[in-house]
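Novice: Add chain B with the ligand to chain A, keeping to what the hints say.
Protein chains in written order, with our numbering: chain A, 1 to 150; chain B, 1 to 248.
Please note that the accuracy of each hint is not assured.
The calculated lysine to any residue pairs, modelled on SDA-like cross-linking and capped at a C-alpha distance of 20 Å, are [to be verified]:
hint: 1; chain 1: A; residue 1: Lys136; chain 2: B; residue 2: Ser120
hint: 2; chain 1: A; residue 1: Lys148; chain 2: B; residue 2: Asp35
hint: 3; chain 1: A; residue 1: Lys97; chain 2: A; residue 2: Ile109
hint: 4; chain 1: A; residue 1: Lys121; chain 2: B; residue 2: Ser120
hint: 5; chain 1: B; residue 1: Lys131; chain 2: A; residue 2: Ser82
hint: 6; chain 1: A; residue 1: Lys80; chain 2: B; residue 2: Asn87
hint: 7; chain 1: B; residue 1: Lys153; chain 2: B; residue 2: Asn87
Among chain B residues calculated to face chain A with C-beta under 7 Å, some are [stated by the list, open to error]:
hint: 8; residue: Asp35
hint: 9; residue: Ile36
hint: 10; residue: Asn40
hint: 11; residue: Phe124
hint: 12; residue: Lys125
hint: 13; residue: Lys128
hint: 14; residue: His136
hint: 15; residue: Asn139
hint: 16; residue: Val175
No lab work stands behind these hints, which were simulated from the structure alone.
Where a beta carbon is used, it is the ideal one built from N, C-alpha and C, also for glycine.
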Amino acid sequence: MQNGKINKIWKLLETVPDPEIPVISVIDLGVIRDITVKNNYYKITITPTYSGCPAMKTIQDDIKTCLKKNNINNFDFIIKYSPAWTTDWMSKRTKDKLLKYGISPPSDITICPQCKSKNTKLVSEFGATACKAFYKCLDCLEPFESFKCI
Amino acid sequence: MSTLLKYTLRIADNSLILGQRMAEWCSKGPTLEEDIAMSNIALDLFGQANGFLEYASKIDGQKTADDLAFKRDASNFYNFCLVEVENGHFGNTMIRSLLFDTFYLLFYKELSKSQDENLSALAFKSLKEIKYHFRHSQNWIIRLGDGTKESNKKVQESLNNLWKYTDEFFEIDNVDQIMIDQKIGVNTSLLKKEWTEIIESTINEAKLIKPSTIKMITGGRDGKHSNKLSSLLKEMQYLPRKYPNAKW
Ligand SMILES: [Zn+2]
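Bound-form chain A, shown alone (with noise of 0.2 Å):
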């Protein structure tokens, strides 16, 4: 019964969009890296992006606001630095809804979100959130945001 309420947890995480990039969810995002139960109380162990992402405290706002309304309140936070959080544990479908939302997903080669061109220059490796570089595609000109690999 306690597995099946934490894969109840699971899936409302699911429904957490990340508070920056609303169309990925916390789960997508990969900041969920374990959830555990001891006497009827549930660790939410997750590990931070960027070091300087004020989104984190947003996203365990979100969360609890998220559980409570699902009538979970038994429940606290572990944050854990290691292994380091990685842009590797995106899933290819995350990758993909990225791209669709106009940003360039984590990869070696970056790509165009409006033409798809691979030839794109870097203006600057800061962008508008800690976790985006500002580019430029020299095909179609767009300027446009791709997500730091780290």
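Specialist: Using the frame of chain A, we list chain B with the ligand on its own:
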């Protein structure tokens, strides 16, 4: 204070104080891209500082990470003298970053092998970010040094001025020695050779001249700071000190 606590605070304080300096550029950057870049670097540094301060708080057992950031006086901060140096012009900030980033790149690489699993995890995480901070400052110094006569002159002056703070990176005192013996800390004296090689090749490419050895300034790691740090803290700690129960 335990040796491990002081060792951890030294690491945290470098990131925190440099982060505060970088944050001072927010809304004042020379271009929009650079404004964003420096604000992002500041955020990374604050995040890294937070990780190390959380661990320091655990070792301390009483003070929270926020207490450690906002309720210590300058003499209880253990950062390098370099990171509290005022920003000056953009090129000056980038020289300061280059000297620091190059060192922290090597430092985190070693610290990620620490026997202390908290320090090693935090170092491994921070290393991923310091890599692009380093590329950012290195690219700018090459661009400015090998730029116009004026930009070359300005960054050369900054390099000459800031060089005196770099020996502090490689000092080994009691705290370091105990941590090295316990396979927790990094023997930074062994990093000097590689640091010097990277800096030399960068300044060669930037058509800058390596400053001659001058009298070095150290002591930050033991709480001896310029009054610049007090001014910085006054601003950084203003709100929590003035309104101790403020919540946001
Ligand atoms: Zn394009």
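Novice: Determine for every hint whether it applies to the structure shown.
Specialist: Here is how each hint holds up against the structure:
1. A:Lys136 <-> B:Ser120: It is violated: about 36 Å lies between the C-alpha atoms, which goes past 20 Å.
2. A:Lys148 <-> B:Asp35: 18 Å, holds
3. A:Lys97 <-> A:Ile109: 17 Å, holds
4. A:Lys121 <-> B:Ser120: 34 Å, violated
5. B:Lys131 <-> A:Ser82: 18 Å, holds
6. A:Lys80 <-> B:Asn87: 34 Å, violated
7. B:Lys153 <-> B:Asn87: 17 Å, holds
8. Asp35: 10 Å, violated
9. Ile36: 5 Å, holds
10. Asn40: 4 Å, holds
11. Phe124: Hint on B:Phe124: holds, closest Cβ of chain A at ~5 Å, below 7 Å.
12. Lys125: Holds - the Cβ of B:Lys125 comes within 7 Å of chain A, reaching about 5 Å at its closest.
13. Lys128: 5 Å, holds
14. His136: 6 Å, holds
15. Asn139: Cβ of B:Asn139 sits 9 Å from chain A, so the hint is violated.
16. Val175: Constraint on B:Val175 not satisfied, violated at 23 Å.
In terms of the numbered hints stated before, the structure departs from hints 1, 4, 6, 8, 15 and 16, listed from lowest to highest.
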